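So the protein sequences, as listed, match chains L and F.
In terms of my numbering, the first sequence opens at residue -14 and continues consecutively.
In terms of my numbering, the second sequence opens at residue 346 and continues consecutively.
Derived from the structure by calculation, the hints contain no laboratory data.
The structure displayed is predicted, hence computed values, not measured ones.
Ideal placement from N, C-alpha and C gives every residue a C-beta, glycine not left out.
Be aware that a few hints might be false.
Stated by the list, open to error - Covered, in the sense of this in silico footprint (three residues per stretch, anywhere, with C-beta under 8 Å from a C-beta of chain L), are these stretches of chain F:
1) 435 to 441
2) 453 to 459
Unchecked claim - Label-pair restraints from in silico Cβ distances:
3) F:P485 x L:A133: 29 to 39 Å
4) F:D657 x L:V130: 26 to 36 Å
5) F:D657 x L:V116: 45 to 55 Å
As the list claims (entries may be wrong) - Not close to chain F: a few residues of chain L, all C-beta gaps over 10 Å, as computed:
6) R90
7) F108
8) R156
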Amino acid sequence: MRTTPALVCLLLIALAAPARATVVVPADLGELARDAIAIARGRVAAINVQWTDDRGTIETIVTLEVESYLKGSFGSELSFRVPGGELGRFRSIVVGAPEFAVGQRVVVFLGARGPTIPFIVGFNQGVYRIVAGESGWMVTPPANVPAAASVRVVRGDVARRPMPLADFEQRVRALGSAR
Amino acid sequence: MKRRAPVALVLALVVAPADPALAYLKFGTTVGGRQVTLKWSQTPVRYFVTNVSVPGVSADDFQAAVGRAFATWHAVPTASIAYQLGGATNAVPGRDDGLSTLGFVSRPDLDRVLAQTSFLVDASTGALVEADIFFNSAFPWSVAPGGDANRFDLESIALHEIGHFNGLGHSALGETELRAGGGRTVLAAEAVMFPIAFAPGSTAGRTLKADDIAGISDLYPASGSAATLGTVSGRVTKNGAGVFGAHVVAFDPATGSMVANFTLNANGQFSIGGLSPGPRVIRVEPLDDAELDSFFDPSRQVDLDFRVAFSDRVVIVPRGGDSGEIAIAVVAK
C-alpha cells in the first residue's frame, strides 16, 4: 500500500520534520565548469516549494534573475531545483543541500537532463555566493582551482581567500570553454 | 516566502549549540523552544532492505554489506546501540511510510551524490520516527572484499550513512588534494563521517575512527562509559571577539588519533566530548576548503579569515570530567 504524506501526517499526529544528509564525490572548479550546461550569475528572485512529481518528497524551485552567463544560456530568468523545503505541515531538510534567500547574489553551475527543470551540478559544490568585500565583490567559498601540479589543500593557507568576482568569472569562462 | 523556518531548523539540525557535550556535530531539533538531540529512543532499531539489485551487487549482497556496516557501529564498546533487520520490502527509500528502509534508487540528477539519508521526526517530542537511506544506482557499486578499482565500496558508504541514521552529522577531519590535470581527491580522512568520498576502489571507510567512536559514544553512551571519558572545552577568539565556525581538533600524541568539533556560538565556545583520558594538543583551523552548506546553516557567518593556531600547552583530559576552559587566540591571514 502506498502511504501518502497526508496519511503519515495523521499517523504521526504531530508535525513531522524530515531531514537528509549525503556523501558526495568531490569536484574542482574545472570539473564543475566542464559538467555544467549553463553557468549563471544572478540574484535570487523567488523561491517556491512543491511536492515532487511522484509526491514522494518536497523540493524547492529557485528563480534567478540572470545578470550574466559564464557558459550557455537559459534566458534572462531561469529556475532550478534543490531538494528540501517547507510545505504545509512538512519540512524537508537536506543537510548539505544549498539554501537560498530572495535577494542573494550567486553564481550557480547548472545541469539538466531532458526537458526538466535544471539542477545544481555537484550538489552543494556548484554554488558560489557573492559577498561585498573591502575591494569590491568577492566570491566565496574559496574556489578549488585546477592546479598544474598536484597540490595538497591546506587549511589556513593565506592564499585560500574569497576570490574577486572578476577574477573568478574569468577563470570560470576559461575552464568552461576548455575541452 | 517560507525560507526562514527551514533555515532555523537547519541551524538546529546541524549545530545544536545548546548541548554542552558535543563530541562533534550531532543532529538536533527544537521542541518547545529547547534543543533536543535527535537519536533513537529505543533499541534495537528496526530496519528493512529493498530487494533491488544493481550490476555487481545482488539483493543478498546488499543486505549482507549493510548488515556488516550496522554491526560495526553496534560493536563500539563505549556505545550502546543495536539494530534488527526486519526483512526485505518493496518500499522505496525516501518515502514517509513509517519504515526505515535502505536500498538502491536511480538519481542521475544528483550527479555527485553517492547516497543520502533522510529522517522523519516527531516535532512534538523530537523523537526519531523513521530513517531511510538510498544509494544512488547511477554510480557503480561493489561488495568485493578487497574493493574494486572502478566501483564505490558499498560497505564504506553504508557505514557513513548509518552514522547519519544514528543521528551523527558530518566531520571535517579529512584532507583533499587538487590533482595535476584536474580533479579533487581525498588524501586521508580521520572520520568515516567526513562528507567527501574516497576514490572508487577504496575500502578505507569500512573502519570507524576515533572521531566516529567519540560521536556514537556521546550519543548512545554505554553503561558506565560517561565516568571513563572526558571533555575538552574552551573558546577561540580573534582580536578579542569570539570566532564562529572554527574547526577545533584534539590530537592525541600517544595514539595519533583525532577528535574534533567546531566553535558553535558567537562567543567562540567549543566542547569536544567522548574523549579517552590523557594529554591532547589542540589545533584550531578555518574551514576554508569545504562546502560550508555541509556543516552550517548558510545564514551564519562562518569566519574563514584566520591562520592555524595551537593551544599554548598540552591539555589534559580528565577521566569523567572537563579540561577547564582552553583559550586560543587566532590572527587574520
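Tested hints:
no.	hint	verdict
1	435 to 441	holds (count 4)
2	453 to 459	holds (count 7)
3	F:P485 x L:A133: 29 to 39 Å	holds, 30 Å
4	F:D657 x L:V130: 26 to 36 Å	holds, 35 Å
5	F:D657 x L:V116: 45 to 55 Å	violated, 33 Å
6	R90	holds, 13 Å
7	F108	violated, 5 Å
8	R156	holds, 13 Å
Checked against the numbered hints given earlier, the structure breaks hints 5, 7 and satisfies all the rest.
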